[in-house]
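Asks: Next come the chains, spelled out residue by residue.
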Amino acid sequence: MAGRALKRLMTEYKQLTLNPPEGIIAGPTNEENFFEWEALIMGPEGTCFECGVFPAKLIFPPDYPLSPPKMQFTCEMFHPNIYSDGRVCISILHAPGDDPMGYETSAERWSPVQSVEKILLSVVSMLAEPNDESSANVDAAKMWRDDRDQFNKIAEKLVRKTLNLSYP
Amino acid sequence: MPVVLDRLPLPNLTWYTGLSVLLLACSVYYAGVQVTLNPNWKERLLEKSNGLREEGHMEGGGGGGGDKVFLYHTTGNTEEGGEQGSDGYTEEGGEEGSDGNTEEGGEGNGEVSLYHTWNTEGGAAEGEDKLSLYHTTRNTEEGGEEGGDEVSLYHTYDHQQSTATGGQQERQMTPYLIPEVISFMFHEPLCIWTLINMAYCVLILLGTLIQRLVFGELRVSEQQHIKDKFWNFVFYKFIFVFGVMNVQAMDEVVLWCSWFSVLGFLHLLAQLCKDRFEYLSLSATTPWRTHVRLLGLLGIILTIATFCLLICVVVGCHSGFNTFAFMVAECILLIVRTLYVITRYCIYLWEITHEGLWERRGRYVYTTELVFELSELVIDMVHHIHMLVWGNMFLTMASLVICMQLRLLFYQLQHKIKSHCSYLRVLQLMNKYPEVSGDEVCVEERTCAICWELLGTGRCLPCSHVFHASCLLAWLHQDLSCPTCRHKLHKPEQSEAGSLLEGLLPGGEEDNLGQDNGVGDVGGGHSHAPPQGPGWRYVSWLPSFSVEQSHTQLPRHQQASAQPAPTSQLDNLARQVQQMFPDVSYSYILEDLQRTHSPEVTIDNILEQRLGDLPPMFTSQGGPSSMFDMSQSDHRDEIKDEDEDEDDHFQDASPAPQPRCSLSFGSDVSSCHYTTSSEDSSDTESDLSSKVSDGCCGSGGRFSKCPREREQILAQRRAALISQARHRYVSEDKSSSTMQESSD
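As they're listed, the protein sequences go chains W and P.
UniProt numbering numbers the first residue of the first sequence as 1 and each following residue consecutively.
UniProt numbering numbers the first residue of the second sequence as 1 and each following residue consecutively.
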């Protein structure tokens, strides 16, 4: 199994290296283990996460692409769809069978035609437009709905943190 | 408390080895002394054992167990703390011994407290046949006075010799006596224990050696697995030896223990190999030497296991079918497991060394997996049932443990069979879909969307998406829908297939994946998902992404597929491309863009024309080269103009609909590269990194063949992105603050 997964990951890595989508860098930082990638995602423009560079870890199963990878931000995040431990909750990362929240149709879930690039783009769009129907972080979802200013402030702080800049 | 336990110094391997060797030397010396001093030791031992047997018969097992052997009188703190289980015996022996020789027993135990006392009940009761070792002189003399056959050691021996047997001639130690010494050691309990201890020591040393040679440092998960496996094995074998077999004779215990020690050792090694193989298969950079070493070790394990099988047969001829069956079960399990790992390994190696898709591979992999796992489960189950029936002990703890294990095995077996049934059904279903060759498919679908490899022949689903048969099979086993469009692969008119699926889903799916697949959806009207798949929904907000989205799976040369670009946009793109290649004429770029409709392809064209005749700058340098052959086109260097104005660049990096390769931040990237390379300059790799920084300052950089170079490029690109973001953040901060100031 792993051989095929390795080939496909290699192809994806190659594509992501040669034609990277803007603001996204992903690849295995240590090729001893090709199934663990690290991604850098730049916060989308015009959002509260703008300019932040958020590191995340992608862990691929040995039967990739039949099963989705797991994605987890390794920096502090405050977002309705990101658990407090950094795990990302988007439907594209859920295997077709399981439905933890009971709201997605299987059409939104993982399928082998998805790719790392699509996942990361989805995450970028998730950063831009949180989906507060399925909140992984209830506090963040509440704040996003009710107190957007406060949310933006926290996001700004996080952005500065990722850039190693001190808060003014 | 556990913290304290963790901090306790574990017995160091060096110390343990030294101690074992010392003990062995002592016992050899002792044996040598015995043999030289007392040539008739064999007869004496024989007499003694005869006498014992007679007494045993006479006493009829009085006092609690006839020929029971008491071992290991560990009164002092001997080093073999692990074998303290004999304390109970010791006390018992002491009590009974005091019947015959009250004073002597008390003093001896109190004063000597050394090492072991080999005591037999009968002997102790009569004050005879006591073989107490390492006694003090006084003690021995007392023993001698009592006239028993007490044998003591060292300096006291000759004294006793003269009193007890007398008239023996001392022999000189010669090489001819070595076999006799060895056979003496096998008759002398103390020597046997030191020998066993030494054997374990050698086994541990061997294990450490193999670990150093083949595996190197063990990973944490491997250590954990080994530990679990070890204790599991010890636990079940303990249950087997003392619960099922109910072995009581010491030599039998020793034999079973040594048998299981060898097998357990091999099992642990096989487990380690399996873990390591699974880990290595995740890596793209494993050198061949590692594979060879691991496979070699697996081969050795297999050979030894086969040899063990022969031993089983030989032993089985002597001691009957049951013993044979018990012995052989573990042996065959080991062989099956090892063979399984070897087969998987070979398939894996074949897979990564051969380009293209091995169409029937999936079938082979599945069959081997099925055969090996099923046979393993069946053998284990039969073994357990045999134990349960043979032991004839339905109401003991051992039977409980075995029943629990049986239950687990049964569920695993059931699961396997169910999953296989669902596999067969999917296979049947798939054969209904027509087979098409890659040439018949439209250009965009020349690659299989599952594995991203070129499509030779594939199966065409009703929704006209084509995939490799093996890829499709693997996916359909999980989910019965088209991977691309989510079209449910179930149609009302296919009544046969429908009934198949209804049978398949509740059984196969759920058990297989532990997931609740929407069975209802299958029967219900198939709502057609948007053909772009879920990715579309998420990326639609970004205009620049939505265009590229559909191209991700396509190979480069096909990306030219008609993508309507308005002329103004084309101009825009052409200008951008020209920014990157100032020396290429605008008209040429525009012309090319009109032809290709894709800036990337145009850039590629330009690059290939410019650099086609140049040798690739980077070939893999010494390091472990990847097993993947990257096509030659990947070696071109995407050369960038570095004297681009940085301010320009920052304006460019903003929202203009960028082609995917955001080449505009190239200059930033390159500047960053130089800083990293200068930092590295003390490194031995400064050479490499400066080359890298020359080469990869283009948009996404190159895709090198050498893994280490790739890692380096990735690290540089990451650093570049961060510094770019920081730059942007700071400049935007400034601009916003200036805006604020101006508004103030």
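Think of the hints as simulated: they come from the structure by calculation, not from any bench.
Be aware that a few hints might be false.
Unchecked claim - Computed list of lysine-lysine pairs in DSS-like fashion (alpha-carbon distance at most 27 Å, straight line):
#1 W/LYS142 with W/LYS153
#2 W/LYS14 with P/LYS432
#3 W/LYS161 with W/LYS14
#4 P/LYS229 with P/LYS274
#5 W/LYS57 with P/LYS432
#6 P/LYS432 with P/LYS274
#7 P/LYS416 with P/LYS432
#8 P/LYS705 with W/LYS57
#9 P/LYS227 with P/LYS237
#10 W/LYS157 with W/LYS14
#11 W/LYS142 with W/LYS157
#12 P/LYS432 with W/LYS70
As the structure is a computational prediction, the values presented were derived from the model and not from experiment.
Asks: Run the structure past the numbered hints and jot down the numbers of the failing ones, going up.
Replies: Those not satisfied are hints 2, 3, 5, 6, 10 and 12.
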